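J.: The listed protein sequences derive, respectively, from chains A and B.
Heads up: the first sequence begins at 1 in this note's numbering, then just goes up one per residue.
Heads up: the second sequence begins at 110 in this note's numbering, then just goes up one per residue.
No wet-lab data here; the hints were simulated from the structure.
One thing to keep in mind: the hints can contain errors.
Claimed, not checked - Derived list of chain A stretches under chain B, where covered just means 3 residues or more per stretch with a C-beta under 8 Å from a C-beta of chain B:
1) 26-33
2) 39-45
3) 78-90
4) 97-108
Claimed, not checked - Examples of chain A residues toward chain B, derived with CB under 10 Å:
5) V4
6) G52
7) G94
Since this is a predicted model, take the numbers as computed values, not measurements.
Note that the Cβ used here is the ideal one computed from N, Cα and C, for glycine as well.
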Amino acid sequence: GIQVEQSPPDLILQEGANSTLRCNFSDSVNNLQWFHQNPWGQLINLFYIPSGTKQNGRLSATTVATERYSLLYISSSQTTDSGVYFCAVVRDSGYALNFGKGTSLLVTP
Amino acid sequence: DGGITQSPKYLFRKEGQNVTLSCEQNLNHDAMYWYRQDPGQGLRLIYYSQIVNDFQKGDIAEGYSVSREKKESFPLTVTSAQKNPTAFYLCASSYQGDQPQHFGDGTRLSIL
């Protein structure tokens, strides 16, 4: 199956700092999503981004499909950004999401 | 309000007992999915369904069963054959596989 690797596995930031999370995948994909899982377990859709660049407030994401990676940028981090960030992909001709193991982010005051 | 509703939020299973987790969506999505999450891990696919009355096994289907009698509903049964059922279960739906998937709030299953 398709491999999805996220880095770093853990990240600690002070409030106001910026960060970049990376997702590498091993095959062509037709769907790539970034999620934020909050402490209650809810998976929040951040981006649907199989290619290109999108921005939503302090968050932005870029996927370079030909090089098989995606980046999630968090600017001016806040304590409410804490949680686990997952990258998930659907390979071409596939149907279900394959998840990475996530990046656990802690933003301190 | 459109969305995906999972119930119950918490569920306890006795040894040898089957339990059923509910998932209902009113997004008019064709495809529905069940995932399992263990502590500190990403999600793994149990079953998925692209259309009513059809479903396929995912990576970890052993000990689970599903049905898809209605477009809106995709219940998951955790059978007594599933020896390690304690986990967080998440249901999702989408128009098709290459379209964004939306998730419910999950059900936490524990063994008594």
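J.: Please name the hints from earlier in the document that this structure breaks, with their numbers sorted from lowest to highest.
T.: 6
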